Amino acid sequence: MDYVIETKDLAKEYLMGEVKVEALKRATFKVAHGDFVVILGPSGSGKSTLLNIIGGMDEATNGEVYFKNENISSFSQSELTNYRRYQVGFVFQFYNLMANLTARENVELATEIAKDPLDIDEVFSLVGLLDRIDHFPSQLSGGEQQRVAIARAVCKNPEMLLCDEPTGALDYDTGKKILRLLRDINRDLNKTVLVITHNSAIGKMADRVIRMRSGEIIEDYINKQPLDPEEIEW
Amino acid sequence: MNTLNLRLIRTVKKSKGQYIAILVVLTIGILIYTSFNISAINLKDSLHKYYEENNFADYYIDLVNSDETTLERLESLPQVNHVNGRHVFEAPLITESDDERVTVKIISLPNKADRVNELKLKQGRLPTKGSSEVAVLEQFANARNIKLGDKLVFQAYGQKRELEVVATVASPEFVYLIESEQTFIPNPINFGILYLDDQFVSNQYGLGNSYNNIVLTLYESNAEHSLKDVLENILEYNGLLRITRRQDQISNRMVHEEINGLKKASDSIPLIFLLVAAVILGVMLKRIVENDRIAIGILKSLGYSNQQVLWHYMKYALSIGIIGGVLGLAIGYGISGMMTALYVEFFNIPFLTIELYYQYIILSIILAMVFCTAAGAYGALRISYISPAESMRPPTPQIGKRTILEKIPILWQNLSFSWKNVVRNILRSKSRIAFIIIGIALTYALLLFSVYMNDVFDEMFNLHFGEFMSMDYEINFSRPISISNINEFNELVDADLIEPKSEYPFEFIRGRENYVINVIGINEDTKMFSFNDLSYQSIRVPQTGMIVSENMARKFDLEIGDYIEIASFIPERDNVFLEVKNITKQLFGINAYMNIDYMNEMLLDDDMMTGIYINSKDNIVRELREVTIVSSILSNQELREVFEEFTGLIILAIGIMVFFGGILGFVIIYSSTNMSISERLLEFSSLRVMGFRKREIFALIKKENYILTTIGIMLGIPLGRALISSLDLIFSNELYTLSIKASGISFVLAAVFTIVFVYIAQLATKRRIEKLDFLEALKNRMV
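Chains A and B supply the protein sequences, listed in that same order.
Just so we're aligned, residue 0 is where the first sequence starts under numbering that gives the first Met the number 0, counting upward by one.
Just so we're aligned, residue 0 is where the second sequence starts under numbering that gives the first Met the number 0, counting upward by one.
Treat the hints as calculated values from the structure; they're not laboratory data.
Since the structure is predicted, the reported quantities are computational estimates derived from the model, not experimental observations.
Don't take each hint at face value.
The calculated label-pair distances, taken between Cβ atoms and stated as ranges, are [what the hints assert, rightly or not]:
| no. | chain 1 | residue 1 | chain 2 | residue 2 | range |
| --- | --- | --- | --- | --- | --- |
| 1 | A | Y65 | B | R9 | 36 to 46 Å |
| 2 | B | I710 | A | I217 | 57 to 67 Å |
| 3 | A | Q76 | B | R9 | 20 to 30 Å |
Covered stretches of chain A, as calculated for chain B (at least 3 residues, CB under 8 Å) [stated by the list, open to error]:
| no. | segment |
| --- | --- |
| 4 | 54 to 65 |
| 5 | 73 to 81 |
| 6 | 84 to 97 |
| 7 | 107 to 120 |
C-beta atoms are modelled at their ideal positions from N, C-alpha and C, and glycine is treated no differently.
Using the sequences and the hints, build the whole thing.
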């Protein structure tokens, strides 16, 4: 089987003042190409830490992460930068758009350094925002801003999307639309998508669910019958 | 355009006030640097071109007499190129007004090709051989409105002569025209130069070839070795009075003092501006980076490398460096052209050389870039340490600690909430506060310095020509006469007091140092001078030995009780050693003072005087008009008046300095207040939610600024004093000593200026509080 991500005994410790915090303990799992994976867990369960390490944003204290059989834990800073640049697209809970750039310019920020970017207009029409492409973030609603953020992540044409609570700041209906968009991108563009959330309902739409608590993976299973985003409720 | 650059431009637009503020300070720094430096070089080049083309003398020799053989011997020296003998003497010019005294220096024009100190003809033609025609120095002609064809009458050796003006001329010898080292400021209405034909002067006064002044040029002007000893040997029996090398020639000295002053100023003042610009820039960039934590995280998560992100922020700093450098250079170059033109006119140099010096273009840009790169690096280098994952989390709140004042309950409990807020903020953000205080202190020091400069020359003149030398008139004779003649003057003029003086140049020798200094012999109980020692205690003229001026003591490293050798100009007379009995404060000139009787006994032969000092409310000029022995009359009152006209020029320069100093203060307060408002948006928004009014919030900032301004000014006082005393050290020389203390009013005035500039800067930031949208600030999560 072709795995995009494979982690082995991944661990992360922080020093908070004089207290040692174990944010992640021996996390081992695999993600296949084209999977829609949801990592579930309450606040402080280590899921963001896990996502950051997988995305090359943070380094593990112990263990290894393989991206397509390549050990990214041994990457230098510049290799990690290249990894983020070409293989990973991030989507954050608070969208994190540049306030003084328009929607299009926010996306251009990403495509300018990508090797084989997608057409910006096509992606905007995919996320349904073509008519608002020249608006500044302050002129867009939360859901619209999150669409721009997703467009920014997708446009680079990465291997996978890593989404940190993508619906966390959105209302129910908008949240569902964003999940639909992520699902479409996963299916239509054949991108691996990892979503972390504390909302267990979202697990129902995943191909695979990883459940975490206190830095440990407590459950890892394949969802035989993933639901459509429209079918799930919370 | 690349999107990151677009973002940069929008960031600059958003904070354009601060961006422009830093840019202005940097531009000022660079423009002072380039304009002063280029002006100094242009002035020097113009001067040297003039010197070269007009055979400016390398040596000036004053002697009792010389003849053809002496001149030939000098000419035969291998180093010597040209030698000219001249008759030089001072005489009163007879004018229509009886009350006016005008002294002219008559110089005979050698009938030779390749004349030393060749005149630059401005109008007319030079006097013909043997004629009673005269060429008038341009400054004097302009000041007195003397035209070609005018008749001038002067009186010398007991005879009146009428001369016809046939030319106006400029001379490299008198680019800065002053009567003596002590007068310091040109007064071309009352002192001028007349050039007469050599044969005419020789015949009229029966002087023949017995010249009292020799000028000569060398093949190599800048020869290291001195010809002085050789010249002294040759002239041993000619009554050698003084040998002056080109670098000590008074006019040349004055221009070079100005050039050096410009150079020194261009080395120090721009540094203050560049440092302030760099510090503000560094602090500002640091703040931008802190505020942009999440944006930096996003960029890194998108795959931008550390270098790319760092470069993005460095460009902010470097753009200021490039724009400021180029602007400063362009404006500085323009100003240097104007400055050089002004200088060349002021110094009467007929050549104007204005060139662009590539090394200054490069240096200015490098200077601007170095400061901005350093500032940028300080502000932005932490980007490398921001981990993308870390940056997405909200920053950990600063550790809250009790401030010192909070530990004194009585004091703390009696403070109102707003004062507590102000005090906490001041005591917590130490580096920002230190920056503001230092900035205000610098501003104050610069302003104090500017105000002081306005005071200093005024004070110096009043002190020198009012207190130190309190005579109303100083009369010089065309030749020494017996002291006993003083009674005749008592009968001639209605004077309150008349004292004799004897003034001669002598060469002083100590170790390897030797220098010609005017020794002034005066009465032991003189009322004309009031000498003060270095601790400002009054001192008397000693019976034996001498008093030396402070700068003479410094030059020869003399202390009270030391002996110094004095070379006699009288042939076959041994050198004498005299004791330094005291050292006196003296602002202008370099002199030694002796009891006139002791001076005559030790250094001269007879009981002679070379002039007198007079205190009189009478019009001395009219009364001494017919006294043929009088060659010049100096009036202290007149010197002070000339100076007052001269200060008009200085006031403009001071005005510019105050303006620049003010800009510095403005920018410091404006930038730091802006930064403070940005940093405290959440705090202010919370206060607004709690019901604080906008003006109450603005009052918090005002209180803080006023406290810091007060502390800044208090620190600025010693800083300004240090700046002033460093100025004394740097600019004091043998011609003048800048040791005047700043007056109380200067300190007050500088404080008022500082407060005004702080107030204006504050008003400029008020708009931001007015526009504060607290709801937006509280919920904003955009980067």
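How the hints compare with the structure:
1. Y65/A to R9/B: 36 to 46 Å: holds, 41 Å
2. I710/B to I217/A: 57 to 67 Å: holds, 60 Å
3. Q76/A to R9/B: 20 to 30 Å: Roughly 29 Å apart at Cβ, these two residues keep to the hinted range, so it holds.
4. 54 to 65: Result for this restraint: holds, n = 3.
5. 73 to 81: Holds, because 4 residues of the segment 73 to 81 of chain A bring their Cβ atoms closer than 8 Å to Cβ atoms of chain B.
6. 84 to 97: Our answer is that it holds, as 9 residues pass the Cβ test (under 8 Å) against chain B, meeting three.
7. 107 to 120: Since 6 is at least three, the answer is holds.
The structure meets every hint from the earlier list without exception.
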